[in-house]
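Using the numbering used here, the first residue of the sequence shown is number 1, and each one after it goes up by one.
There's no promise every hint is true.
Label pairs and their in silico Cβ distance ranges [to be verified]: (1) E99 / A242: 43 to 51 Å; (2) D117 / P22: 18 to 26 Å; (3) G86 / D141: 17 to 25 Å; (4) S128 / D41: 51 to 59 Å; (5) D185 / D239: 22 to 30 Å; (6) D41 / D209: 46 to 54 Å; (7) D141 / P22: 17 to 25 Å; (8) K26 / L218: 27 to 35 Å; (9) Q80 / D117: 38 to 46 Å; (10) G183 / T38: 37 to 45 Å; (11) V181 / Q223: 50 to 58 Å.
The hints are simulated quantities; they were obtained by calculation from the structure and are not laboratory data. Note that CB positions come from ideal geometry on N, CA and C, so glycine has one too.
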Amino acid sequence: MIQSLVFDKDGVILDLVGTWFPVVEKLVDYTMMRVPATSRDTVTRSRLLASIGVDEASGNIDPMGLFAMGSFTDIRAAWQTLMPPGSIDLQNDESYRVEAKRLVRELVHGNTVPKGDVVTPLKTLAESGFQLAVLTNDSEDSARRSLDELGIESLFHPIIGADSGHGGKPEPHGLLHCLSVHGTDPSRALMIGDTGADFGAATNARVADFICIADDPLYRPHQDVKVDNVISRLVDLPDLLARQGYMPRS
């Protein structure tokens with residue numbers, strides 16, 4: 001019997017584009033301001049976005065790209081490869097890091113966009129006896145703030161970020177830590193996510209199964225993700241678990 005449900009945050013509970021794309025656009029604009037004027041013909045806004053899996057012209061987002069899968073540390077590392085020699089060190093320049101954090105706080109918190117109705121299904125799952133946790137490649141503090149804005153932080157324990165001391169996905173350590181807190185064997189747990197990093201964590205931790213949030217099965221992050229395990233929103237999760245025999249039908 002399944003006991004634990006571990007959720008990714010962005011693209012699963014939160015609308016990834018609605019919540020984070022305005023932030024990334026501002027970070028790109030700020031990063032461009034820090035690029036020497038003589039290099040702005042080669043280091044362009046389009047190239048910065050493309051390096052993290054965002055096509056500026058079409059607006060398409062690669063579900064396997066860094067915008068969808070990575071942390072801001074990963075994004076800065078990708079952008080650093082485009083910086084001209086001798087220019088700003090995005091990972092270590094204190095003024096850049098401080099301003100980037102300010103932009104995130106200013107633009108995200110208070111503007112969290114849920115991915116549809118997430119409150120109803122999550123409360124249903126908690127009331128059905130499942131233990132819920134969040135595992136994100138965002139920071140733990142940012143995750144807690146966003147979940148609190150939606151009024152659902154108290155449903156999850158633990159809430160683990162990339163900076164919580166267990167590494168990031170697709171490594172399994174954060175997921176295994178969540179299950180350890182629950183006292184749950186991996187064979188009695190499901191990972192619910194939308195990216196290759198989520199699927200990788202589920203595979204590496206050897207949990208019972210992976211539930212994918214995607215608008216279409218074609219967008220699932222790996223061909224090994226079962227088509228029958230693809231749902232477009234969390235509101236569909238209780239019914240899916242009921243069909244699979246993991247909870248009573250409503």
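Comparing the hints with the structure gives:
1. Separation of E99 from A242 is about 48 Å and conforms to the stated range, judged on CB atoms against 43 to 51 Å.
2. Take D117 and P22: their Cβ atoms lie about 22 Å apart, and the range 18 to 26 Å holds.
3. Against the hinted window of 17 to 25 Å, the Cβ-Cβ separation of G86 and D141 comes to about 33 Å, which falls outside the hint.
4. The given range of 51 to 59 Å is respected by S128 and D41, whose C-beta atoms sit roughly 57 Å from each other.
5. Between D185 and D239 the beta carbon distance is about 25 Å. The supplied range of 22 to 30 Å therefore holds.
6. Restraint check, D41 to D209: a C-beta distance of roughly 49 Å satisfies the suggested window 46 to 54 Å.
7. With their beta carbons about 19 Å apart, D141 and P22 fall inside the hinted range of 17 to 25 Å.
8. A hinted range of 27 to 35 Å for the beta carbons of K26 and L218 is consistent with their spacing of about 31 Å.
9. The hinted range of 38 to 46 Å is satisfied by Q80 and D117, whose Cβ atoms lie roughly 39 Å apart.
10. For the pair G183 and T38, the supplied restraint of 37 to 45 Å is violated, since their beta-carbon distance comes to about 59 Å.
11. Between V181 and Q223 the Cβ separation comes to about 32 Å, which falls outside the hinted range of 50 to 58 Å.
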